[in-house]
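Chemist: Here is what each chain is made of, one letter per residue.
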Amino acid sequence: MIGERLYRDVRLGVKTLLLHKMRSILTMMGMVFGVGAVIAMLAVGEGASKKALDEIRRLGSQNIIINSQQAVENSGQNSQRIRMNIYGLLYADLERIQSSYDTVVRAVPAKLIRSEGRVAGRSQELRLVGTTPEWFDLVQREILAGRQLLDRDVEQNANVVVLTEHGARKLLAGRTAIDTEVLINQGYYKVIGVIKSESTQSGSMQTPDQNIDAYIPLNVAIERFGDITTIRGNGSRSRELVELHQLIVEVDKREHVESTAASIERMLSVFHPKGDFRMSVPLALLRQAESTQRTFNIVLGSIAGISLLIGGIGIMNIMLASVTERTREIGIRRAIGAQRKQIIGQFLIETVVLSMTGGLIGIGIGLLIPWIITIVADMPTVVTPWSVMLSVVISVGIGIIFGMYPAMRAANLDPIEALRHE
Amino acid sequence: MSFDSSQRSNSDTVISLEQVWKTYRMGDQDVHALAGVDLEIKRGSFWAISGSSGSGKSTMLNLLGCLDRPTSGVYRLEGQDIATTSDDELSDLRLSYLGFIFQNFNLIQQLTVQENIELPLFYQGVDASEAAKKSRSLAERVGLADRMGHRPTELSGGQQQRVAIARALMNDPSVLLADEPTGNLDTATGDSIMEILTELHDQGKTIIMVTHEPEIAAHAQHELVMRDGKVASITQNNATAGVPA
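Listed in order, the protein sequences are those of chains A and B. Numbering follows our numbering, with no gaps: position 192 of the first sequence is 192. Numbering follows our numbering, with no gaps: position 191 of the second sequence is 191.
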């Protein structure tokens with residue numbers, strides 16, 4: 001019953017609007033472009049930030065990453081021809097973190113060594129990552145062939161290596177990867193597995209370090225390479241002693257991440273007064289990026305909101321003119337027995353039909369623009385469902401808000417005066 | 001709908017006015033458009049109201065049509081005093097008890113003949129199929145059954161007025177109010193409209209018609225002449241169904 005009435009009312013509204021097609025189309029334009037702008041702007045904004053957020057998210061929102069970094073040096077040491085830099089995280093730090101925090105699920109160490117791998121005359125720069133099998137639990141990568149490092153590799157002190165897809169292709173050039181022996185720093189390492197390279201799907205930039213990683217057991221790395229690295233510079237040599245380059249700490253719950261990070265930082269500061277480590281908390285970065293995104297959205301949203309407001313005012317203007325033009329009709333309806341609220345309903349429905357039709361066309365445009373931008377400018381765009389739903393709600397809302405005043409004007413006309421109107 | 005036909009009183013009196021005044025404030029002067037009108041209109045009677053311009057006949061019609069309230073006095077329509085009714089209730093009274101016929105037809109241009117006729121039932125919330133049935137029978141009655149899909153602009157004046165009559169009958173009103181129904185029509189067409197009204201009266205409808213043409217007023221049973229907001233005279237016509245065949 002109510003549905004049938006509404007259907008009749010809407011049909012009447014559409015019919016009336018179709019009497020002045022050009023006027024209705026022009027009136028809708030404000031809404032069309034307003035809504036189109038809202039969706040397109042949000043899609044572009046969302047696309048820009050999604051990539052950054054994804055990268056941060058991949059680091060793991062429950063993880064804390066601690067990197068070794070060279071402390072600020074004393075100028076006195078600079079004059080030495082051959083010097084030894086001792087800095088960074090210690091094996092003892094790993095022990096301390098593992099043993100003293102209830103909230104820490106695991107702490108995974110990584111020792112990074114620049115080296116070179118050789119297979120049958122081919123050579124390729126590699127970044128050896130000495131780590132534990134747990135690394136593969138923390139940083140989840142698809143295993144393309146073979147297996148990841150296992151505890152027994154550690155126990156057996158096995159000379160085994162896991163390559164990335166990219167590294168394997170460069171080094172082995174089509175040869176079967178598994179069980180091939182790779183010569184690294186005078187030792188042979190058996191390839192036991194190949195994992196997917198970590199590269200972003202959009203393929204914008206390839207970070208070479210990550211692509212030529214080669215994972216070996218930590219104890220093997222310590223035994224074979226030691227902690228000292230020699231760096232050859234311009235006529236000088238410098239040496240570094242770094243026990244661990246990176247620690248990834250996994251915390252049991254998201255809520256504990258920040259407090260645990262702060263606590264670990266305090267503890268490490270006691271043992272590292274020079275501050276030769278750097279902590280990064282992906283969750284904090286994520287929060288920051290999200291808040292930047294929010295600000296961005298608010299700015300874009302305000303701009304789009306203003307254009308919607310202008311669209312709404314345009315609709316109100318036309319509806320006011322329409323009320324004046326149709327004064328007699330209003331008088332007739334009132335004389336027959338239409339109540340004020342029925343007149344209000346009639347004009348409101350017309351306005352809402354106008355604004356909603358404009359809104360729907362606007363959604364079409366708002367979907368089209370990001371699609372074109374992605375094709376033409378190669379920029380990622382993401383149309384979020386909520387922006388589309390928001391647009392529908394806003395266009396209906398604008399119809400009601402800006403339709404209310406003209407509708408009230410129409411309803412408050414004196415029927416006698418309205419009937420006399422020429 | 002708060003007023004339905006079951007509430008209609010069985011009394012012979014449809015309308016009664018007791019000492020009705022309608023006063024407008026013009027600047028610092030009070031103008032009495034109606035100055036103490038007493039009137040009783042019986043069910044099934046046919047009244048013509050005439051009078052010179054400014055005599056108060058338009059005000060009278062607006063009041064009888066529940067488009068306006070009296071400043072003082074009592075107006076009862078079907079036994080209900082309209083002095084204290086709200087705007088919505090006045091609308092309901094018009095929708096339930098009254099049918100309007102205007103000098104300039106007052107059809108809504110963007111609606112078809114059928115939709116114009118069905119308008120009162122649209123506001124009564126009557127089912128569409130039921131409304132269609134009723135509008136068809138009324139259109140047949142005024143001889144426009146083949147014009148249901150047309151727009152008012154595609155019809156002659158006489159046809160438009162017949163659509164208006166069908167629309168006014170749609171809600172089975174207690175009273176038909178006609179404001180110069182032949183004023184915009186040539187004599188022949190005007191006569192055909194009067195024929196329909198007389199026929200409706202013969203079938204028992206109560207009709208109140210405002211006109212300034214004596215020959216049109218002669219169709220009514222009672223001729224009421226207004227002067228200076230007062231009832232100047234009421235004349236009884238003997239030839240009630242006075243249209244020669």
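These are computed hints drawn from the structure, not numbers from a lab. Yeah, the Cβ is synthetic: ideal placement off N, Cα and C, and Gly gets one too. Be careful, since some hints might not be right.
What the hints assert, rightly or not - Below, simulated DSBU-like cross-link-like pairs (lysine-lysine); rule was C-alpha separation at most 35 Å, straight line: (1) A:K341 - A:K21; (2) B:K42 - B:K230; (3) A:K170 - A:K196; (4) A:K253 - B:K42; (5) A:K51 - A:K21; (6) B:K134 - A:K21; (7) A:K341 - B:K42; (8) B:K133 - A:K21; (9) A:K190 - A:K50; (10) A:K15 - B:K42; (11) B:K230 - A:K15; (12) A:K15 - B:K134; (13) A:K15 - A:K341; (14) B:K133 - B:K42.
Unchecked claim - Label pairs and their computed distance ranges (CB to CB): (15) B:G54 - A:H421: 26 to 34 Å; (16) A:L320 - B:A218: 43 to 51 Å; (17) A:H20 - B:N104: 16 to 24 Å; (18) B:S72 - A:S302: 54 to 62 Å; (19) B:A218 - A:I313: 28 to 36 Å.
Chemist: If a hint holds in the structure, say so; if it doesn't, say that too.
Modeler: Do the hints match the structure? See the list:
no. : hint                        : in the structure
1   : A:K341 - A:K21              : holds, 27 Å
2   : B:K42 - B:K230              : holds, 20 Å
3   : A:K170 - A:K196             : holds, 14 Å
4   : A:K253 - B:K42              : violated, 87 Å
5   : A:K51 - A:K21               : violated, 44 Å
6   : B:K134 - A:K21              : holds, 33 Å
7   : A:K341 - B:K42              : holds, 34 Å
8   : B:K133 - A:K21              : holds, 32 Å
9   : A:K190 - A:K50              : violated, 39 Å
10  : A:K15 - B:K42               : violated, 43 Å
11  : B:K230 - A:K15              : violated, 46 Å
12  : A:K15 - B:K134              : holds, 23 Å
13  : A:K15 - A:K341              : holds, 20 Å
14  : B:K133 - B:K42              : holds, 31 Å
15  : B:G54 - A:H421: 26 to 34 Å  : violated, 20 Å
16  : A:L320 - B:A218: 43 to 51 Å : holds, 47 Å
17  : A:H20 - B:N104: 16 to 24 Å  : holds, 23 Å
18  : B:S72 - A:S302: 54 to 62 Å  : holds, 58 Å
19  : B:A218 - A:I313: 28 to 36 Å : violated, 57 Å
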